[in-house]
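J.: The listed protein sequences derive, respectively, from chains A and B. At position 195 of the first sequence (counting the first as 1) the number is 194 in numbering that gives the first Met the number 0, and the numbers step up by one without a gap. At position 97 of the second sequence (counting the first as 1) the number is 96 in numbering that gives the first Met the number 0, and the numbers step up by one without a gap.
The reader is advised that the hints may include incorrect statements.
Derived DSBU-like pairs: lysine-lysine, alpha-carbon spacing no greater than 35 Å straight-line [claimed, not checked]:
{"hint": "1", "chain 1": "B", "residue 1": "K217", "chain 2": "B", "residue 2": "K107"}
{"hint": "2", "chain 1": "A", "residue 1": "K68", "chain 2": "A", "residue 2": "K216"}
{"hint": "3", "chain 1": "B", "residue 1": "K286", "chain 2": "B", "residue 2": "K7"}
{"hint": "4", "chain 1": "A", "residue 1": "K142", "chain 2": "B", "residue 2": "K111"}
{"hint": "5", "chain 1": "B", "residue 1": "K166", "chain 2": "A", "residue 2": "K36"}
{"hint": "6", "chain 1": "A", "residue 1": "K173", "chain 2": "A", "residue 2": "K36"}
{"hint": "7", "chain 1": "A", "residue 1": "K142", "chain 2": "A", "residue 2": "K68"}
{"hint": "8", "chain 1": "B", "residue 1": "K286", "chain 2": "B", "residue 2": "K166"}
{"hint": "9", "chain 1": "A", "residue 1": "K142", "chain 2": "A", "residue 2": "K216"}
{"hint": "10", "chain 1": "A", "residue 1": "K216", "chain 2": "B", "residue 2": "K166"}
{"hint": "11", "chain 1": "A", "residue 1": "K216", "chain 2": "A", "residue 2": "K40"}
{"hint": "12", "chain 1": "B", "residue 1": "K217", "chain 2": "B", "residue 2": "K197"}
{"hint": "13", "chain 1": "B", "residue 1": "K192", "chain 2": "B", "residue 2": "K286"}
{"hint": "14", "chain 1": "B", "residue 1": "K107", "chain 2": "A", "residue 2": "K40"}
{"hint": "15", "chain 1": "B", "residue 1": "K286", "chain 2": "A", "residue 2": "K36"}
{"hint": "16", "chain 1": "A", "residue 1": "K142", "chain 2": "B", "residue 2": "K166"}
{"hint": "17", "chain 1": "B", "residue 1": "K287", "chain 2": "B", "residue 2": "K197"}
{"hint": "18", "chain 1": "A", "residue 1": "K142", "chain 2": "B", "residue 2": "K239"}
{"hint": "19", "chain 1": "B", "residue 1": "K107", "chain 2": "B", "residue 2": "K192"}
{"hint": "20", "chain 1": "B", "residue 1": "K239", "chain 2": "B", "residue 2": "K286"}
{"hint": "21", "chain 1": "B", "residue 1": "K212", "chain 2": "B", "residue 2": "K7"}
It is worth saying that the hints were derived from the structure and are not from the lab. Everything numeric in this text was worked out from a predicted model, so none of it was measured.
Here is how the chains run, residue by residue.
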Amino acid sequence: MKFDLQPFLLTFELAALTTALLYLIGLPVAYFLAHTKTRIKPVWEAVISLPLILPPSVLGFYFLLAFSKTGFLGAFWERMFGHQLAFSFDGLVLGSMIFSLPFMVHPLLSGFSGIDRGIVEASYTLGKSRLETLRRVILPNMKGALLTGGVLAFAHTVGEFGVVLMIGGSIPGKTKVASIAIYDLVESLNYYEAHVYAGILFTFSFAILITVYLINKRIDVQ
Amino acid sequence: MISISVRKPLLGAEGSFELAVDLEVQTGTFITLFGPSGSGKTTFIRMVAGLETPASGRLSVNDEVWFDSAANINLSPQLRRVGLVFQNYSLFPNMTVGENLRFAQGRKDEGKITEILELIGLTGLRNRYPTTLSGGQQQRVALARAIVREPKLLLLDEPLSALDTIKRLRLQDEISRIHSLFHLTTILVSHDKQEVFKLSDKVAVMEHGRIVKYGDAKDIFLEQQTSNKFSFVGTILSIKPVDIAYLAVIGVGNELVEVVLDERDLAGLRVGDKVLVAAKAFNPIIKKI
């Protein structure tokens with residue numbers, strides 16, 4: 000029988016890109032939330048946490064509207080890059096980023112909040128700017144949070160289904176990720192291959208979580 | 000010359016009060032802020048470091064204005080060149096002792112780091128991480144880190160309060176040595192009388208955000224000096240009958256004192272009581288130990 004690796008490659012490409020971009024967005028967002036004194040902080044927190052509780056179909060439905068040729072994001076994208084956002088890999092990345100945002104932001108937020116204010120102030124009085132303090136004092140002392148945020152965002156992107164189905168469809172090599180492939184296989188009663196795919200995802204997810212807990216334990220001991 | 004005049008409303012345990020401090024400190028002086036906790040000492044020192052902003056006032060160090068509410072000047076902590084030592088050390092856990100010091104340096108100079116580590120007796124700990132050090136060692140590193148930046152002003156916020164007596168005494172000597180060796184101007188916050196007396200040239204007693212007494216340590220703490228009275232507060236540790244009298248052992252600071260009591264003295268005294276041990280009209284003898 001033929002075994003198609005393509006959906007897995009696509010899944011990991013999507014997850015890796017999403018995670019990398021989420022670090023860029025999640026770090027400033029979490030830093031802001033950890034330090035802001037604004038009264039509407041709960042509103043921001045609620046907005047970021049929304050993807051945790053909204054059914055993926057609801058999110059996917061709104062994404063589909065926004066990403067379509069007539070939607071505000073879709074129209075902008077088409078003008079900028081010359082192709083439509085819905086049913087494209089770009090669209091999947093964007094959707095995944097929003098969908099996985101809380102999985103990145105929450106660990107980072109608790110990481111920032113757990114940093115002893117004293118070492119930050121010590122760094123300031125030693126003449127170091129905010130950025131240098133962030134880079135050399137704050138981030139190195141929240142490695143556990145950085146790791147957890149990245150791994151959870153990655154794993155959650157690998158595991159997402161509903162949103163991808165809504166905005167990606169199932170275009171081989173473009174938007175057909177592993178979770179969608181399993182769905183297709185089950186639909187066509189190809190249980191053998193579905194077992195293989197599901198088994199791989201199952202093992203992968205378990206291995207990732209075990210790794211995170213083991214590493215975090217080691218960081219705690221230090 | 001450092002001249003400070005700052006105001007800021009504070010919220011204390013007994014309601015709000017205003018921190019209002021006016022202070023002039025000669026360069027090279029070791030000055031201590033002494034007073035009960037909650038009197039605004041730490042807030043004051045944080046204002047000097049630039050970590051908190053006064054509501055109004057002016058602060059200048061050797062003719063350089065660090066804060067002036069009228070002229071809208073407020074130098075960031077990064078630009079103030081202070082060495083601040085915190086009560087809980089605040090060393091960077093991700094850096095070794097050597098790296099903590101290197102981080103503090105503006106212009107990299109390994110020779111200077113080696114020199115300071117040697118001076119403070121930390122050479123052997125250069126490659127150790129802060130979490131593997133004792134409290135006393137950590138505070139030495141914090142002190143070294145504050146010095147390595149060649150600060151104009153050394154600020155010590157209850158630096159020794161978390162240490163036991165022996166370590167505290169040793170570090171007091173260390174601080175005193177560093178202060179004179181580097182010709183520093185030092186502001187210490189402390190509520191340990193012995194420590195304040197031992198280290199300070201000048202003492203400012205703070206209560207409710209204000210300096211209520213200012214002067215030489217001797218004048219502030221030894222007001223009764225001329226009465227030739229010798230008195231300490233201690234705790235009765237044991238009382239035992241000896242022949243017709245009683246012998247009480249009293250702990251004063253870290254020392255034990257034996258005092259002979261008769262039946263009348265004994266009335267109302269119990270082990271654990273706080274007592275005043277006083278003697279009048281005699282000349283204390285001191286011996287080198």
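J.: Would the hint linking K239(B) and K286(B) be met if the CA-CA limit is 35 Å?
T.: Measuring from Cα to Cα gives roughly 29 Å; hence the hint holds.
J.: Is K212(B) close enough to K7(B), meaning Cα to Cα at most 35 Å?
T.: holds, 20 Å
J.: Between the alpha carbons of K107(B) and K40(A), is the straight-line distance 35 Å or under?
T.: With Cα atoms ~41 Å apart, K107(B) and K40(A) exceed 35 Å; violated.
J.: Has the given pair, K216(A) with K40(A), been kept, meaning a C-alpha gap of at most 35 Å?
T.: This hinted pair holds, its Cα atoms lying about 31 Å apart.
J.: Given the proposed pairing of K286(B) with K166(B), does the C-alpha separation stay at or below 35 Å?
T.: holds, 23 Å
J.: Check whether the Cα positions of K142(A) and K111(B) lie no farther apart than 35 Å.
T.: Holds, at roughly 31 Å.
J.: Keeping to a limit of 35 Å between CA atoms, is the pair of K217(B) and K107(B) held or broken?
T.: Status violated; Cα separation ~42 Å.
J.: Checking one constraint from the list: CA of K192(B) to CA of K286(B), max 35 Å. Satisfied?
T.: Holds, at about 22 Å.
J.: Is K217(B) within 35 Å of K197(B), Cα to Cα?
T.: holds, 10 Å
J.: Starting from K173(A), check that the Cα of K36(A) is at most 35 Å away, please.
T.: violated, 43 Å
J.: Please work out if K142(A) and K239(B) have their alpha carbons no farther apart than 35 Å.
T.: Status violated; Cα separation ~61 Å.
J.: Straight-line Cα separation of K142(A) and K166(B) no greater than 35 Å?
T.: Roughly 34 Å between the alpha carbons, so the hint for K142(A) and K166(B) holds.
In summary, the structure is inconsistent with hints 1, 2, 3, 5, 6, 7, 14, 15, 18, 19 from the numbered list given earlier, while agreeing with the others.
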